[in-house]
Amino acid sequence: MTTNQDCGCPVSRRTLLAAGAAGAFAGLVGDQLATQLAFASPGYGGDVFVLLSLRGGFDGLSAVVPAGDPAYYAARPGIAVGKKQLIGGDSFFGLHPALAPLLPYWKGGTLAAVQAVGQPAPNRSHFAAMEELERAAPGTSLRTGWLDRVMGGLGGSGTFDAVSVGGAMPARVLAGPTPDLGLASVDKFVLSGEGEGRPMAKTLAALYAGAPDALRRTTAMTTSALATTATLKAVGYTPANGAAYPDSDLGRALRDVARLIKADVGLMTACVDSGDWDMHENLGAAAPGKRMYDHLSALAAALAAFARDLGPAGLGRVTLVTISEFGRRVGQNGSGGLDHGYGNAMFVLGGGVKGGKVYGRWPGLAASRLVDGDLAVTTDYRAVIGEILRARCGLTNVAGVFPGVSASTLGLVRSR
Amino acid sequence: MKVGPRADDEDVTASAAFLPDDPLLHLLRRATYGPTPAAVAEIRGLGAKAWLDRQLKPASIGDQVADGLVARFPLSGLTIDGVRAKVRAGVIPRYGWEPMFEVGFATLARAVWSERQLYEVMVDFWSNHLNVTCPSGDVWDSRPDYDRTVIRKYALGRFADLLKASARHPAMLTYLDNRFSTRAAPNENYGRELLELHTAGLGYSEADVRCAARLFTGMTVSWETGRYRYDAGQHATGAVRILGFRHANRTATGGEAAAMALLDHLALHPATARRIATKLCVRFVADEPPAALVTRLAKVYLDSKSAIVPVLRALFTSAEFAASVGAKTRTPYEDVIATVRTLGYASDKSGTEGIRALYWTSEAAGQAPMAWAPPNGYPDVATAWASPSGQVVRWNAHLNIAAGWWPSTLRRPESPLAEFAGGVLPATYGALIDAVASRLVGRTLAPEHSVALADFYGKTLASPLRAGDAAAGWAFPYLPALLLDSPYFALR
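Protein sequences appear in the order of chains X and G.
Adding 82 to a residue's 1-based position in the first sequence gives its number in the numbering used here.
Adding 654 to a residue's 1-based position in the second sequence gives its number in the numbering used here.
In isolation and in its complexed conformation, chain X is listed as follows (with noise of 0.2 Å):
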């Protein structure tokens, strides 16, 4: 495929894998053998990789707080997370108070923030910023998301390779050649009228027998999708290790996610969304009712939820990362909010993850450090997310991926 030889990868990485994987598990015994295996999709032996997109521009100075720089408490008179309200944190940084359902995670190591990190030029448009957080291409003419670029490196090609949940059409991040399926929920994934009496898909695919290429493929992937969807709603899903998710959209999505990662679909990659972080006015103090801590409650919540629905075990196989598409304006504004800024914040979770720190250079917040009022970039989050592609997933052209970017070398990760 093209993809293949646009990142640069050998088109039979996917066979090369499902080698180094049979390989690994040859040692292994009992319980431990059938845990590894169940997790294992086919011919992959990485880790699934979940992106959570905060849209609207989420505030990294706000979730994981510079306390050590005085500049933050003068910019921010009103709305700064006091110190001693911070949890989890070291000599410098602290964690907002809201975040504290993940705090287990943070201290158990398999939670990490980075700080600084962001685009690599400003770019204060949603709109604008979105498209290319999503392209990751600065400066050339690629049209497709880096993350269709990243399964086409991978070598995926199966039916829930790349599954976002929460909308029905895949994110724009997997816009491109390899195939890759949007799911609003693994239950309302169904075919309308299709019955006891009522054959409908089993009709489609007799319709679709031996026509062109191009449309049996697809009508071969959605039959299969629905079969499988079908065999999960059967089945029922409940969350392992009393895992509660919250009744939200996110917390929705995530179960989700999990879900599929344990039903060994064949899940490489997940994309999920999570809105409204853009908070122009009333950001409000670190309190409950306040609106940044309720949101914080909401996402850590959610997240803890999919960290012990998985276990150790299913979370030693995956990384979930967050990404939004500015950091915002380290100054508070005159409704008590923050306007569009630059560099931000992002969390990585994961078996895999070496949590309890945040990683990046901090650039400080002295006016002569901002760029136009915003706290400035010091790692590009592609390279970030390089790292942890290279070390988690086996990707081997990050270059490929993203043009003329090198993974970071932070350490915030384990190689498989």
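These are calculated hints, taken from the structure and not from any lab test.
Don't take each hint at face value.
Stretches of chain X that chain G covers, calculated by requiring three or more beta carbons in the stretch to come under 8 Å of a beta carbon on chain G [unchecked claim]: (1) 244 to 252; (2) 260 to 271; (3) 287 to 298; (4) 466 to 476.
Stretch by stretch, here's where chain X covers chain G in the computed footprint (C-beta under 8 Å, at least three residues) [to be verified]: (5) 913 to 927; (6) 944 to 951; (7) 1030 to 1037; (8) 1045 to 1053; (9) 1133 to 1141.
Reference excerpt, derived from the structure (chain G facing chain X, CB under 10 Å, subset only) [unchecked claim]: (10) 667; (11) 668; (12) 672; (13) 676; (14) 829; (15) 843; (16) 846; (17) 1027; (18) 1100; (19) 1102; (20) 1107; (21) 1144; (22) 1145.
The structure presented is a predicted model; accordingly, all values stated were derived computationally and were not measured.
Backbone N, C-alpha and C fix where the C-beta goes; we use that ideal spot for every residue, glycine too.
Given the structure of chain X, go ahead and fit chain G onto it with the hints provided.
What follows is chain G alone, placed relative to chain X:
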């Protein structure tokens, strides 16, 4: 209809074998949003040439039904001043999206019910070629005006005029950032997409982009009024060279005229001619366009100084077009529109519920009109839409629309079975399937496919059909839905 075995020993049927052997229906499927019973009757009466001539002169075609529907979306026709006046009057919120949504709804209504079908298809073509995402936040006041005064005004005119109108419109100036471009810091976004997407295509140099960006500085938007204005104080003077265009660009006051001269040059650049000819062939002929046809159309385009009508006439009368049966697949939007047209539905008696529902159906299928976010416009080839998710949305929409479940306000035939089967109850399931297929997809099916449909009802082709059968009553809509789901309809 089977052809020889493939390498993998499976029988495969050629695309063309799914479609009726009828050049008039081929022309209708390509040059319109899909045959309606009325359109089929019209083209049979006029013949291909007269029908095409009429479609290429849209102003000569009365369009009362579509005009009446568009009037139900009064915000869709507002000027920039008009949107802002409504905001000042407190009728709509500042930065509100309803005027842009109304443009989308009105566009969809015209796609289904306008008599000026080829014009509407070309409006869609140029809306994608010169994409300004609708709706999107920054063009809240200008997007309706862009639709009316740029795209619709020149959709069957000269591309050079269309291009120049787009370059000076606040919607494009905002969408591709040229309004923020200054003498001190030229913004290259518009300059690059102009060369790469709007005109010549890949092949420009970075120096070309920098020169173009400089030449367009000063073309901006008034913050006070939202209208276009040329700000000579922000124009970067100095000689430019862009894809064979040279200009001394000596004076700030002459910057706008120099920029327009560049656009005239680019509109008539041979690479632009090839690019537009190629895109038209991808829209109307085949995902992989015949090279000889592209070459001929590019010449027609240049000979006619970028007038589009002669190019379309040459395209639709070419041997390559005639030979391209089965070489295109409906995109999700084309599918939704053609579904309503094929079923022969009329719009809501009053109100807009059905039109809005069709818009959201298109959106769920991945292609609400004009809503593509990146500047390159929706993809126009089958592989880009080969998504199981989109296919399920479309299949579900076929049944919902055929059964009148959602939208429920479109006016359907009194008795769809009687309408589709010609007023009599067919004697057998085979006859029922033949009648409905002939009406909806213009032909009877291959025997194995007719058998599959009869089997859906638990019957054989020879089984007698009785008035009390489910297939003649509540379960009838499944038959048109399955036909619309099938390759017989998926192919354009």
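Honestly, which of those hints from before does the structure not fit?
4, 5, 6, 13
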